[in-house]
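Number of protein chains: 2
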Amino acid sequence: MRWLAEVHVRLRPGLADPEGQTIAGGLRSLGFDVDDVRAGKLLRLAFDAEDRATAEAALAQMCGRLLANPVMETADWELSADETATVAIHS
Amino acid sequence: MRWLAEVHVRLRPGLADPEGQTIAGGLRSLGFDVDDVRAGKLLRLAFDAEDRATAEAALAQMCGRLLANPVMETADWELSADETATVAIHS
Chain L
1 MRWLAEVHVR
11 LRPGLADPEG
21 QTIAGGLRSL
31 GFDVDDVRAG
41 KLLRLAFDAE
51 DRATAEAALA
61 QMCGRLLANP
71 VMETADWELS
81 ADETATVAIH
91 S
Chain W
101 MRWLAEVHVR
111 LRPGLADPEG
121 QTIAGGLRSL
131 GFDVDDVRAG
141 KLLRLAFDAE
151 DRATAEAALA
161 QMCGRLLANP
171 VMETADWELS
181 ADETATVAIH
191 S
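Line order of the protein sequences matches chains L and W. Take the first sequence: its position 30, counted from the start at 1, is 30 in my numbering, and no numbers get skipped. Take the second sequence: its position 77, counted from the start at 1, is 177 in my numbering, and no numbers get skipped.
Hints are not guaranteed to be accurate.
The calculated label-pair distances, taken between Cβ atoms and stated as ranges, are [stated by the list, open to error]: (1) L:70 to W:129: 14 to 24 Å; (2) L:66 to W:114: 17 to 27 Å; (3) L:83 to W:114: 12 to 22 Å.
Hints were generated in silico from the structure; no laboratory data involved. Virtual Cβ for every residue (Gly too), placed ideally from N, Cα, C.
Only chain L is shown next, with the shape it has when bound in the complex:
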């Protein structure tokens, strides 16, 4: 069975975020009054797994071993069965 996961990788609170600060500076120079911006990663993965439990376990391993640095980042995800074929027909 094919799964689609959307993984959200966020910098832990309290850690300096130079990318976010740069974006905040850019927005302010355009006249937008933002007071805080945090930048993270949004990853979309497609992979095969027998069932939801196996897919969740694989995702947890992928996050812990490569997608996020657990010292500095947190990762959470939304997992759904891939229905691309059906979606493609309707889009």
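Chain L is fixed; fit chain W onto it per the hints.
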């Protein structure tokens, strides 16, 4: 009123995604059988706006002018009233 927005910036379908390909290669070398990875940005913004309509309009402008490149990327967001103070008490 203070608002929190989580902005998802995704590369348009069909465009080459070298970052996603690199991540996919890394996952495969670790033994995970992923067949597609797409990388995007996850931005969290805090800003002031009078009401929800004003906040939505400001966000649309921020995305169009700085956060996303409309030629190559799409942006969508979740907007919520900031209740950090309350959350902090309970966490």
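Each hint tested on the structure:
{"no.": "1", "hint": "L:70 to W:129: 14 to 24 Å", "result": "20 Å, holds"}
{"no.": "2", "hint": "L:66 to W:114: 17 to 27 Å", "result": "25 Å, holds"}
{"no.": "3", "hint": "L:83 to W:114: 12 to 22 Å", "result": "19 Å, holds"}
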